[in-house]
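Put together the whole structure using the sequences plus the hints.
2 protein chains.
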Amino acid sequence: MQGKITLVGTGPGDKDYICPRALQALEQSDIIAGYKTYIELIKTLFPEKQFASSGMKKEVDRCVEVLELAEVGNVVSLISSGDAGIYGMAGIMLEIVAERQSEVPVDIIPGISAATSAASLLGAPLMNDFVTLSLSDLLTPWELILKRIRAAGEGDFAVALYNPRSKTRIKQLDTAVDILLQYQKPETPVGIVKQAMREGQQVVLTTLGELKNADVDMLTTVIIGNSQTQVINGKMVTIRGYRL
Amino acid sequence: MQGKITLVGTGPGDKDYICPRALQALEQSDIIAGYKTYIELIKTLFPEKQFASSGMKKEVDRCVEVLELAEVGNVVSLISSGDAGIYGMAGIMLEIVAERQSEVPVDIIPGISAATSAASLLGAPLMNDFVTLSLSDLLTPWELILKRIRAAGEGDFAVALYNPRSKTRIKQLDTAVDILLQYQKPETPVGIVKQAMREGQQVVLTTLGELKNADVDMLTTVIIGNSQTQVINGKMVTIRGYRL
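One line per chain: the protein sequences are X and C, in this order. Per numbering that gives the first Met the number 0, residue 0 is the first one in the first sequence, and the count goes up by one each step. Per numbering that gives the first Met the number 0, residue 0 is the first one in the second sequence, and the count goes up by one each step.
It is possible that part of the hints are untrue.
[Said to hold, decoys possible] Derived DSSO-like pairs (lysine-lysine); straight-line CA-CA distance at most 30 Å: (1) X/K146 with C/K211; (2) X/K48 with C/K14; (3) C/K56 with C/K42; (4) C/K146 with X/K211; (5) C/K14 with C/K35; (6) X/K3 with C/K193; (7) X/K193 with C/K3; (8) X/K211 with X/K193; (9) X/K146 with X/K57; (10) C/K184 with C/K146; (11) X/K14 with C/K3; (12) C/K166 with C/K211; (13) X/K14 with X/K35; (14) X/K56 with X/K170; (15) X/K170 with C/K146; (16) X/K42 with X/K56; (17) X/K146 with C/K3; (18) C/K166 with C/K146; (19) X/K166 with X/K184; (20) C/K146 with C/K56; (21) C/K146 with C/K211; (22) X/K146 with C/K184; (23) C/K166 with C/K193; (24) X/K184 with C/K146; (25) X/K14 with C/K48; (26) C/K184 with C/K35; (27) C/K146 with X/K146; (28) X/K193 with C/K14; (29) C/K193 with X/K14; (30) C/K14 with X/K42; (31) X/K14 with C/K42; (32) C/K14 with X/K14; (33) C/K14 with X/K3.
[Said to hold, decoys possible] Quick list of simulated restraints, FRET-style, between CB atoms: (34) C/Q49 with X/K146: 43 to 53 Å; (35) C/V63 with X/G233: 40 to 50 Å; (36) C/N212 with X/L145: 46 to 56 Å; (37) X/I169 with C/E67: 29 to 39 Å; (38) X/G240 with C/P19: 32 to 42 Å; (39) C/Q49 with X/D177: 51 to 61 Å; (40) X/R99 with C/R197: 46 to 56 Å.
Bear in mind the hints are in silico, worked out from the structure with no lab data behind them. Ideal Cβ placement from N, Cα and C applies to all residues, glycine included.
Set out below in structure tokens:
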């Protein structure tokens with residue numbers, strides 16, 4: 000009996016935004032594993048399945064558990080919200096399978112990323128070149144994150160910020176704003192999206208100059224415009240130059 | 000009779016990667032409009048629909064046509080491959096609706112982006128911060144693109160390259176490689192994906208030092224790793240630091 004691991008990106012959460020290939024993989028799984036918040040969202044769709052949920056910062060343990068379940072013949076889906084390959088579980092899962100010299104096959108099914116779903120609610124802020132950046136320094140040294148914020152400003156990139164602020168990590172966003180203000184005007188449009196396509200969805204437009212005062216937490220996606228970003232009819236749009 | 004415009008991201012092309020909300024919007028449309036290559040892909044799914052296809056570089060005309068069709072009461076879907084908000088039709092459509100002071104409602108349904116689907120086939124190369132960059136200088140000045148390539152190197156970002164090379168624009172990719180080689184080693188892993196999730200799919204792993212010699216065209220997505228990217232068991236993975 001050959002087990003299997005499938006990394007599944009479940010998009011923003013609502014089943015209308017999960018692609019058919021991902022739904023099919025979940026349907027065909029013996030066990031669906033993942034971070035407990037995302038498992039709760041998926042449970043309602045597949046009430047008859049077996050689930051294995053775990054807490055935050057338990058990523059390695061979660062992957063080891065998934066591998067052990069697959070090694071004994073289970074078809075296991077490991078879910079990430081958004082896309083499994085963007086700050087999701089795909090990388091660490093591949094690492095652990097290789098490290099253990101396992102021959103369990105691993106498939107990755109892409110999903111609609113948090114940046115993409117947030118952008119669609121705001122308008123079209125990512126129409127041209129952009130940077131995807133996490134402000135969490137749990138896995139990336141803060142000095143490197145600082146360098147990346149500067150590079151984003153230097154290149155006049157729009158910026159999609161993940162993990163902008165947590166309960167204990169509150170200054171990073173302020174520092175990012177201060178750095179970007181060296182390159183962009185205070186009136187640069189900024190979009191803030193919480194719970195995209197889910198109950199309690201919030202979509203707020205503000206500016207880079209006002210971003211420090213905004214209501215932002217760990218589950219918020221923040222999109223900061225570049226020098227070509229405007230608010231048109233209430234929508235945030237980064238102009239790509241078609242009209243020139 | 001109120002018309003409506005829906006921007007629909009159709010993902011890599013195969014219907015298994017189009018989210019249910021997008022399929023529903025296409026199903027409910029009177030007319031589906033878009034660039035002819037993408038319309039051909041969608042036509043097979045909705046053979047009974049009315050289609051309006053147009054050529055490349057006709058983006059403005061296409062949007063004006065869509066708006067005029069919606070103004071007289073049609074429900075029109077305008078499709079982009081991947082996500083409509085990433086080098087797609089969302090921005091220019093919102094601009095034209097505003098410019099004409101139209102009150103036709105515009106909805107945007109996100110899709111799985113080309114970078115995301117390519118990444119899922121390669122492994123997990125976009126696991127940490129990355130830059131999404133188009134090498135086409137039709138809509139962005141080449142000087143600005145150069146600055147952005149340098150910024151990508153400076154920030155040790157992985158890079159998802161769109162429009163890496165066309166029949167007439169062949170030097171840009173070579174220049175990008177030369178610049179990135181000032182920051183990254185020649186053995187930095189690079190993934191090349193053509194026709195993701197479609198007939199004729201090609202997935203190739205190479206290195207930054209060899210990228211100039213690779214078979215790359217306008218419909219190829221190129222993902223260049225950063226200093227933390229490795230090839231593990233044949234998969235391209237950007238390590239995010241979980242194991243430290």
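Verification of the supplied hints:
no.: 1; hint: X/K146 with C/K211; in the structure: holds (28 Å)
no.: 2; hint: X/K48 with C/K14; in the structure: holds (25 Å)
no.: 3; hint: C/K56 with C/K42; in the structure: holds (21 Å)
no.: 4; hint: C/K146 with X/K211; in the structure: holds (28 Å)
no.: 5; hint: C/K14 with C/K35; in the structure: holds (17 Å)
no.: 6; hint: X/K3 with C/K193; in the structure: holds (26 Å)
no.: 7; hint: X/K193 with C/K3; in the structure: holds (26 Å)
no.: 8; hint: X/K211 with X/K193; in the structure: holds (16 Å)
no.: 9; hint: X/K146 with X/K57; in the structure: holds (28 Å)
no.: 10; hint: C/K184 with C/K146; in the structure: holds (20 Å)
no.: 11; hint: X/K14 with C/K3; in the structure: holds (24 Å)
no.: 12; hint: C/K166 with C/K211; in the structure: holds (15 Å)
no.: 13; hint: X/K14 with X/K35; in the structure: holds (17 Å)
no.: 14; hint: X/K56 with X/K170; in the structure: holds (21 Å)
no.: 15; hint: X/K170 with C/K146; in the structure: holds (29 Å)
no.: 16; hint: X/K42 with X/K56; in the structure: holds (21 Å)
no.: 17; hint: X/K146 with C/K3; in the structure: violated (44 Å)
no.: 18; hint: C/K166 with C/K146; in the structure: holds (24 Å)
no.: 19; hint: X/K166 with X/K184; in the structure: holds (28 Å)
no.: 20; hint: C/K146 with C/K56; in the structure: holds (25 Å)
no.: 21; hint: C/K146 with C/K211; in the structure: holds (20 Å)
no.: 22; hint: X/K146 with C/K184; in the structure: holds (19 Å)
no.: 23; hint: C/K166 with C/K193; in the structure: holds (16 Å)
no.: 24; hint: X/K184 with C/K146; in the structure: holds (19 Å)
no.: 25; hint: X/K14 with C/K48; in the structure: holds (25 Å)
no.: 26; hint: C/K184 with C/K35; in the structure: violated (40 Å)
no.: 27; hint: C/K146 with X/K146; in the structure: holds (16 Å)
no.: 28; hint: X/K193 with C/K14; in the structure: holds (28 Å)
no.: 29; hint: C/K193 with X/K14; in the structure: holds (28 Å)
no.: 30; hint: C/K14 with X/K42; in the structure: holds (25 Å)
no.: 31; hint: X/K14 with C/K42; in the structure: holds (25 Å)
no.: 32; hint: C/K14 with X/K14; in the structure: holds (16 Å)
no.: 33; hint: C/K14 with X/K3; in the structure: holds (24 Å)
no.: 34; hint: C/Q49 with X/K146: 43 to 53 Å; in the structure: holds (52 Å)
no.: 35; hint: C/V63 with X/G233: 40 to 50 Å; in the structure: violated (21 Å)
no.: 36; hint: C/N212 with X/L145: 46 to 56 Å; in the structure: violated (36 Å)
no.: 37; hint: X/I169 with C/E67: 29 to 39 Å; in the structure: violated (50 Å)
no.: 38; hint: X/G240 with C/P19: 32 to 42 Å; in the structure: holds (34 Å)
no.: 39; hint: C/Q49 with X/D177: 51 to 61 Å; in the structure: holds (52 Å)
no.: 40; hint: X/R99 with C/R197: 46 to 56 Å; in the structure: violated (33 Å)
Violated hints, listed in ascending order, are 17, 26, 35, 36, 37, 40; each of the other numbered hints is respected by the structure.
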